[in-house]
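Taken in sequence, the protein lines are chains A and B.
When we follow my numbering, the leftmost residue of the first sequence carries the number 4, and every step to the right adds one.
When we follow my numbering, the leftmost residue of the second sequence carries the number 31, and every step to the right adds one.
Keep in mind that the hints were calculated from the coordinates and are not lab data.
Incorrect hints may appear among the rest.
As the list claims (entries may be wrong) - Derived DSBU-like pairs: lysine-lysine, alpha-carbon spacing no greater than 30 Å straight-line:
#	chain 1	residue 1	chain 2	residue 2
1	B	448	A	148
2	B	34	B	398
3	B	241	A	148
4	B	398	A	148
5	B	448	B	398
Now for the letters of each chain:
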Amino acid sequence: MPLPDQLAALVARSRPAVWRYLRTLGCDAATADDLTQDAFVVVLERQGFDASNVDAAFGFLRTTARHLWLRSARRSLTTREVEAADRVWEEQCGEGEGLERQAALRACIDALPPRSRDLLAATYGDRASRAASSRRFGLSEDGVKSALRRLRAALQECIERRLRRELR
Amino acid sequence: MRDKAEVEACERMLDAELTQLFADRAAVDLAPGRAFGWRRLAVTAAALAIVGALWFERSAGPSAPFAQEPVDWQAALPAAVTAASLDELAALPADVQNLRCALPSPADLLRLGRLRQLRRLELVAEPPSANAFFGAPRPTEPPGPQPWSDPAPSDLAPLLALPELRELQWPRVMRVTSLHVETVAPSPQLRAIVLPEGTQLDADLASALAKIARLDTLRVEFAAVPVAFVAAIARLRLRRLDFLACAGIDQDTLAPLRATPTLTALGLTFQLGSVITDAAGVRHTKGPISPATMDAIAALPALRDLDLEECDLTDEVLQRLPAGLTRLSLGSRHVDFAVATALARLPNLRALTVGAGSDREAAERMAKALAAWRLQRFEYRGIVTPALVSAIAAQPELTELRLHWFARVDLAPLAEAKALRTLRLCVTNTGASTAPDREAVAAMLGQVRTIEIALPE
Chain A
4 MPLPDQLAAL
14 VARSRPAVWR
24 YLRTLGCDAA
34 TADDLTQDAF
44 VVVLERQGFD
54 ASNVDAAFGF
64 LRTTARHLWL
74 RSARRSLTTR
84 EVEAADRVWE
94 EQCGEGEGLE
104 RQAALRACID
114 ALPPRSRDLL
124 AATYGDRASR
134 AASSRRFGLS
144 EDGVKSALRR
154 LRAALQECIE
164 RRLRRELR
Chain B
31 MRDKAEVEAC
41 ERMLDAELTQ
51 LFADRAAVDL
61 APGRAFGWRR
71 LAVTAAALAI
81 VGALWFERSA
91 GPSAPFAQEP
101 VDWQAALPAA
111 VTAASLDELA
121 ALPADVQNLR
131 CALPSPADLL
141 RLGRLRQLRR
151 LELVAEPPSA
161 NAFFGAPRPT
171 EPPGPQPWSD
181 PAPSDLAPLL
191 ALPELRELQW
201 PRVMRVTSLH
211 VETVAPSPQL
221 RAIVLPEGTQ
231 LDADLASALA
241 KIARLDTLRV
251 EFAAVPVAFV
261 AAIARLRLRR
271 LDFLACAGID
281 QDTLAPLRAT
291 PTLTALGLTF
301 QLGSVITDAA
311 GVRHTKGPIS
321 PATMDAIAAL
331 PALRDLDLEE
341 CDLTDEVLQR
351 LPAGLTRLSL
361 GSRHVDFAVA
371 TALARLPNLR
381 ALTVGAGSDR
391 EAAERMAKAL
401 AAWRLQRFEY
411 RGIVTPALVS
421 AIAAQPELTE
431 LRLHWFARVD
441 LAPLAEAKAL
451 RTLRLCVTNT
461 GASTAPDREA
471 VAAMLGQVRT
481 IEIALPE
C-alpha cells in the first residue's frame, strides 16, 4: 500500500488528468468521477505501489481507468472507439497527463476575443443553457451552437499548432 | 487524417479540459490545484448499490424509494422475474438473471441448478405477494419454525452450482449462521449478501464473510448491531453497507468504519427512536440519529451516498450532513427551511429523494433549491407545483424522475428536460381523480422512454 503522503500527492496531481482521460474515452462526467475514484482505490489496495514515481503511477492509473471503463456496463462506445480515443490521448499527451496541452489551451483561450471567452465561461463555467446564452449574447440558439462549434474547432487547431511549435 | 472515432475523442478531450478550466461548481473537486483531503479522494469508489430496493413491507404504501445507484453488474440486470411456485420456477427459461423465488424448503435449491446465468437471487419461503408499484414489497412469511428456519449448511451447497451468482438474499425466516455463509463463500462471483433478522452478528460471522473474496455489499436487517461486529466487518473491503431498521447504531458503532477506506455508501433506515426486543428479550433502541452519530457518519472518509429513509432527523442533525455527498435520500421529509438550508450545503448532489405532504410553500422552496444542482435522479414526494415542474425541467442532466401526484399539474414543461428517460408518477388518494393518462403523458414527453403511473389501491 502506498504511503499516505505519496498517495495524497498522487491524488492531488493526477486525479484531474485521470478524469480528463476517462472523459476522452467517452465516459460521461458522473461515470468519470466514479471510475477515477475506483482507479485510486485500485492503487490504494495494491501492495508495494510506488506512488513516488509520478509518470509510472499515472501510466498505471491510465491503464486501470481504461480497463475499468471497458468493463463498465455504462460503456456506450465500442472497444474499437475506446482504443481510438486512447490513441488520441497518446498522440496529444504522450505518456503523460496532458499538462502541456492544458497550458496550450490556456494560452489559446487568453488569445481569444473577450466575447468568445465569455461565451466559453458561460457554457463551461456557469453551465448556462443554450437558451440562456442566446439571451445573454444576443444570438439565436442555433447561433450559440454554431459559435461554440467554431470556437472549439479554433481552440483545437490552436492547441495543436502550439504543441507542434514546442516540439520543434 | 483522423477517423470519426478519433475526431470525437478529440472533441471529448477538449470538452473535458474546458470543463476543468471553467467549471466553478460541478467540477469543483476536479480542477487542478484545489485542496483535497487525500483520504476522501483517494479511496472513494464507484457508485454502489443498495442490494436492491427496500423489499421489506412498507406501511407507507406506494412510496418505495429509488434503488440506490447500482454497481455496474446491477445496472445491467434485467427486471426481476418472480416464481411464486415450483411449477412457475420450472417454466422459467434457463437464462434468467434476476429471480425472486419462493422455495418451500432448502432441498428445492437443487431446482435452480439449470439457471446458469442467474446473477441475483432473492429467496422467500412463501409465494410473493402480487402487490407491486415500483418494486414489489418483500413478501411476508409465516412465523414459527419451518424448513427454512435452520437449514443444514450442506443444504445450501447447490448455490455453488450457480457460477454467475452475485447477490444472495436469504428468506427472512432463516437464522443465518457463519456456517451458512462459509458454505456459499466459495461462490466465485458473490459480492452482495443480505443478513435477515435472525442472523447472529458475531465474530464468527464476520470471519465467514471475509472468506467471500469479492464481497463488497452487505445489508443487515432488523438486528441489534454490536460494535464488535461492525469493528470486525470494517476490515472487509465493503463499498456499501446498509443497516435496515437496526438498533444500536450510534457514533460508537459507526466509528470503526472510518477504517474502511472503500465504503462509499451507507444506509441507515427506520432510525426513529423506537424500541425492538431481540430473541433474548433484551430491548434495543433504533435511533434517532443524534448529532454525534451524524458527525461519525460525516467522518467516514469515502462516503458519498447516504440513505436516511424513514429516519427522525432534527434540524441540528440535518446541518451536519456530510458536505461531499453526491446521493442522498431523506425519504418522506417535508422540505422546511431547515431541510432547504441543509441541502444548500451539499453542492455536489446528483441524486436526491425528499419531500412530503401538500404544502405548496415547500414545493416552492424545493424549486428554488434545485437551481444549485445538476441532478441525474430526483424523487419528490410532496405536492408538485408549476414552479417546481419548471425547475425540474431546467435540470439538463436529469434522467430519472419520480413525483407524487397530489393534484393536477401541467407536466408539459418537462419536455424541456432533454435527458429525461424515466418518469414515475405515484398517484396519491387525494390526486386520484386528476391522475393523468399514461398515453397523454407519453405523447407530451417524447424523450421519455419509460413512464409508470401507479394508482392508489
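Tell me the numbers of any earlier hints that the structure contravenes, in ascending order.
Violated hints (numbers, rising): 2, 3; every other hint is consistent with the structure.
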